Structures are given as structure tokens and as C-alpha cells.
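Visitor: Note that the protein sequences, when read in sequence, are chains L and Z.
For the first sequence, the numbering used here assigns the number 240 to the initial residue and increments by one for each residue that follows.
For the second sequence, the numbering used here assigns the number 28 to the initial residue and increments by one for each residue that follows.
Treat the hints loosely; a few may be bogus.
Stated by the list, open to error - Simulated coverage check for chain L against chain Z, where a stretch passes if three residues somewhere in it have a Cβ under 8 Å from a Cβ of chain Z: (1) 366-373; (2) 418-424; (3) 449-461.
To be verified - Pairwise CB distance ranges (calculated): (4) Phe259/Z - Gly314/L: 25 to 33 Å; (5) Ala175/Z - Glu457/L: 27 to 35 Å; (6) Ile144/Z - Ile241/L: 41 to 49 Å; (7) Gly486/L - Lys305/Z: 37 to 45 Å; (8) Lys75/Z - Pro445/L: 52 to 60 Å; (9) Asn488/L - Ser333/Z: 29 to 37 Å; (10) Ala175/Z - Leu329/L: 37 to 45 Å.
None of these hints come from the bench; they were simulated from the model.
Since this is a predicted model, take the numbers as computed values, not measurements.
Ideal Cβ positions, reconstructed from N, Cα and C, are used throughout, including at glycine.
So the chains spell out like this:
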Amino acid sequence: MINAISKAFNFAKKESRPALLTYTVAGDNTKKNSLKILKAISKYADICEVGFPHNTPIADGGQIQTSSFRAIKNGTKIKDVFKIVKDFKLSKFSKPVILMGYFNMVLQYGQNKFLNDCKKNKIDGLIIVDLPWPENKKFANECKKKSISFVQLISPTTSKHRLNSIIKESHNMIYYISMLSTTGGKLKVSPKKIILNYKKIKRIDPKKKCVIGFGITEKSISKLKTADGLVVGSAICKEITSSLNNGQNPVTKVSNMVKKLKNKIL
Amino acid sequence: MKLKKKISVIDQHDKLGFWGGKFGGNFVPETLKKPISDLEILFNKLKKDRKFLSERDKYFKNWVGAPTRFIKLNNLTEYVGGAEIWSKVVSDANGGAHKIYNATVHCLLAKKSGKKIICGDTGAGYAGKMLSMAAKKFGLKCKIFMGAKDIERQQPNVKAIKSNGAEIVPVYSGSQTLVDAVSECMRFWVANCDTTAMCVGSTVGPNIFVKICGWSTSQISRELKIQILEQFGKIPKRLKLYNCVGGGSSSFGFWNEFMDYDKKQVEFIGVEAGGPSKSKKHAAPLTYGSKIGILHGAAQYVNQNSEGQIEETKSISAGLDYPGVSPLHCFLKDTKRARYTAASDEDALKAFKIVSKYESIRPSLEPSHAFSVAISEAKKLSKNTIVIVNSCGDAYKDRKILKKKLGVKL
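Start from the sequences and build out the full structure, keeping to the hints where you can.
Guide: So, in C-alpha cells, the structure goes:
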């Protein structure tokens, strides 16, 4: 499966660096600002993960919960998420977009309708946090039919047997969760250990692109440079929160932060 | 969708963990797949292990205090003037509610798995109190997640949890009630599943937690069946079992042993929390026809908006104040084995007043919901109908609310 996501990885590889993936919640802190943030950070990011907010998230830490809560409070609905991505895709520096969220939202929207709207709005990939393998087999297949990458997650607890099956059935991108944590936890495993686990995944299928996420900040990002891609999410959400608390512009603050992150992996 | 006979309902799910092909399952982050599968393997082995069963029975008998009483409510029967009204006084159990069965089993499992810490959620505080008691008994460290609103309204249980040496983690997100406590507890488990066991406080959550809880609370109907046979010599021709339903752990346990009887003979009536009579908010997804959605790892009927955001609930009873309901009850509803209805806050308070006036038991606000419907239906039933209400919790924990609403001092 080759789509814009694969191309983004190839581009980063040519520059001998990991791809930088950002995660922001659609509608945070406002619908307008979240689009502005996407446009601003896309100068530095290679792939943008965009969260569709859910109010009962079982895998998100405080920072992303706060962002999601803000987005829901200001009335962000799935149709707004699609609209934001659509507008982003029309902009000059648009990047591949992966939507990320919880399965109940997809279910209530209607699985087919959701995938059709993803296709229509040029969404390149999907991460459904609470739809693990093998439960996701059918849905992942439907994604594939529409050339949307369904991103499989792998965690330090994933057994060897599962690891083989998941990698085999994954599309072009795999997401390795760095440690046992909700999103945004403090990195409690050494970068060395994380890279070791990452390499185990790569050995099974070197062609599939594997990104590392959870707990990555400005401090730790350079130590994980050998990966195909690195995801920063909670740190960005935290930056939005703190800029709001300090009366600063979240768009500039986040944009500066992502620029710094990019510089650390060059 | 059909209920099978001679197979325990908890085992009537498919390979992916769904009852009736659509309720339950395992909608969990990848990180939890392994600890869940470890727990499945352990539980499936131990539930067939005679030594483990006798260990469980020993603790149930000597520590929990099995069997709890099965008594006729003579005065209430006379007052109502219809069917005979009985009660299974499950609040006799050590700690004052049915939550002790699930807590005990989870601690036994945690010990067998070598975990040193156990975490759990609580609404009314009973699940937390019992888990803290059992953890203390079995030498486990214990962490209880509880909504800030529930901490405020269920102080006696909060004190009990603390006195058992457990740590209470207040949850300030969302509605600050049970739903948020369960979410936070699951998040904690995601981050600590290598060292910590999790006890979900009701028949909700990923498939295995539904099963363990239902298996544990079924002690109630095992006892009841024996007590009924001793009392009546047979299962009465018209038997009606009333139980409140929040997550659904006490009701499932109260009914399980009678599952194979025809519903014309043994009818199950589940009473959900209708909330304040003037409010649109409620905690009765089965009664008011909520759509299927995913909450806390399982597909179930759940209060949600058209987007799939889980809706806030409202109920005077913290233990029933939950937007979803056990997949087991969704299955029993759709197979028409059980009938579900709701009682309002006001109905529950009125029932508490009546029951505590005529009888020496004092059901907490949760079973007061069941008493409310049982009393109003018993009036219209024949004298040879046997109505049994599970008084699954004691009202002491509600004394602040009861004082405020009814001026009652406990």
C-alpha cells in the first residue's frame, strides 16, 4: 500500500531523519485555531495526526483529555473535524493526515459513512485506539479498500505471537507505544530500551514504517532519532493549555515548539 | 438472539467475547490485550479447579458470611395486600453489600497471579470499601478511584476505605461520578498493568471482567435457591425476583441460578435509576431505549448523544448512576428473559420510607429502587405469588442524603 503517508516517510528518509508526526485535537482550542495550528505546524511536521475528541477516553492522559474537553465544549462534531481537515488539505503546505480517536464515534456516525467521508476529505490514515487486532480485521480491510492506512498499534506488552500477526496484517505504517502508559506519561523507559523494542518490530518486516509515540518531548526526541518516525502529542496539547493560561497565542506557541522539535531530529 | 439452556450465561459469548453477537467484547487499547488474556487464562483455569472453588467457598462462608438471610417481610406484605413479599438480605454480607463477592474473587486472582497491588473503581463506595477490605485481608496494596461528587455524597464508605489502608484517588473529570472513576481506573491500569491487578466493580468493562463479576455475585442465587427449596419445598409456581440495575452485578448474581426456568414461573425484573422525576437525565439505558455504543471496553446500551459522546446521568443513588449497563443485561433484555423498568429518585425515597417503617431492614437507595417497583406491582398480584427483593446494600452510607431528603437519622 503506497499513499501519501509512505511518501512522507520516504521524503524524511532522504533527509536522513525520522519523520515528525504531530498530534492535535480538532477543535482545540477553537475550530478556527486548530486549523491555523495545523497550517502553521505543517511547515515542520511530516504527517499530522488529528484527534476527533471523545469524552470517555480510556487511553489518554490528562493533557489530551484537557484538549478533547475544550474541543467538545466548543461544539466540535465529527463533521467539523472533516471540515477542518478538508480546509487544511486545500492549504499550501498541507501534509498527510491521520485521524485518531475512539471506535464509538465511528460506530455512531456509521462505519461506511465515516470511511466515505474520510475518502472524500482526503484523509490518509486512521488510528482507532480501542479497536485492537483481531477485532479490527474487518474494519482495517474496509480501510484498505479505500486506500486509507489503518494504523496498527503495538505495545511493550504485545506478545510475540500477536506481534507477528499484527505486523503481517498491518498496512504501511505501525505505531509502537513506547511504554506502559496513557498518552503523555513521563518517559519511564530508557530511549535505548525503546529503540531495542522498535528494532524487534523492524526485523519482522523492515519495509513497514514504524513510528514511536507516547511520552516524547523536546527533551527525549533526539535520543530516538533512529526510528522511521516520532509522534509528539501530549507535549503539544500541553503547550496549547499553557499558552491559554498565560494569555499567549496558541498558534505561534505551538508552531515554535514544533519547529524546535524538528530541529532536534535534523 | 437466543439464550441457551444448561450453559452458564457468562459463557454464552462468541470467540471475540460478544453475547448475542453484539454485546460486550474487548474494545481496549493494545497495551491491555496481554494482561486481559493473562487474566482470562488464569480465571478459566481456576474456575474449574476444585481447590480454588473450595478456597472461594471457605472465604465466602467464614469471612463474607454466607448465606445471607432470606426473610419474609410480613408487615410489608400485609401493608401492600397482594403477593407475599420476601427479601434476600444481601446487605448482611461482610461490609454491607454484594460487592464483597467480586472483590474477594479479584483479590484471590491477584494473589494467584503474583500481583502486589490492586486498583478498582467505585460509585456508591461499596465496591471500593469491599475491595479495600479484601485487599487488606489478602495483603495487597489497594488504590480506589472515586468521582469527587461521589466522595462528597458517600462519606461513610470513603471513611471505611481509608481506614482499611487504601488510597482514594479523587476523579475530577467529566461528571465526577462512577463513569469517570471507571475511566480513570482503566487508564491507571493501562499505565501499571505489569505490577497491578484491576478489579472492575460491576459486570461491566472488557469481557473477562463481566464474567468474573457475574461468576462471583452468582453466590447470591446459589444461596437463594437452597433457601427457597428449604422454605417452600420447591420452586414456587409464580416467583418474581426484583433487583436494582446500575452496572448490573447484584441483579445478575441474584438471577443466575434461575436462568433456565420459564419466565412465566420465575420472572426477573430489573429496576434502573430513572433519576429525578422532573429531570430528563436518567441512568436507565435499558428502560428508555438507549442505542448500542461502546463504553469502558464493551458494547452495550448506553446513554449517549448522536455523535457517540457518553451522556451525563443523574440519580440520587451513586451506585446506579452509570450511563451504561452490563452486556449481560443487554443480552437478557434482547432475549426477553428479563424485564426492565425504572424508578425515580422520589419513588426510591418513598420506598425506603415504607420499608424501613414496616420492617427491620434498611435498604440503601439502590435496592430502594427495586422495592419501589416490587411494592407497586405486588399490590396487583395474587396472594400465592412470591415476590423477592434483593436488599443488596445497607442505607448507612446514604445517611447524609436521607437526613436531608426525609429528615431520617441513621
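Visitor: All hints are to be evaluated individually against the structure, with a verdict given for each.
Guide: Hint check:
1. Coverage of the region 366-373 of chain L by chain Z holds in this model, with 6 residues showing a Cβ closer than 8 Å to a Cβ of that chain against a need of three.
2. Proximity of the region 418-424 of chain L to chain Z, defined as three or more residues with a beta carbon under 8 Å from a beta carbon of that chain, is established by the 4 residues found.
3. With 0 residues having a beta carbon nearer than 8 Å to a beta carbon of chain Z, the region 449-461 of chain L misses the requirement of three or more and the stated coverage is violated.
4. The hinted range of 25 to 33 Å is not satisfied by Phe259/Z and Gly314/L, whose Cβ atoms lie roughly 59 Å apart.
5. At about 33 Å, the CB distance of Ala175/Z to Glu457/L agrees with the hint of 27 to 35 Å.
6. About 46 Å separates the C-beta atoms of Ile144/Z and Ile241/L, a value consistent with the hinted range of 41 to 49 Å.
7. Roughly 41 Å separates the CB atoms of Gly486/L and Lys305/Z, a value that falls within the hinted 37 to 45 Å.
8. Checked against the hint of 52 to 60 Å, the pair Lys75/Z and Pro445/L fails, with Cβ atoms roughly 44 Å apart.
9. For Asn488/L and Ser333/Z, the Cβ-Cβ distance of about 34 Å falls inside the hinted range of 29 to 37 Å, so the restraint holds.
10. The hint said 37 to 45 Å for the Cβ distance between Ala175/Z and Leu329/L, and at roughly 44 Å that hint holds.
In summary, the structure is inconsistent with hints 3, 4, 8 from the numbered list given earlier, while agreeing with the others.
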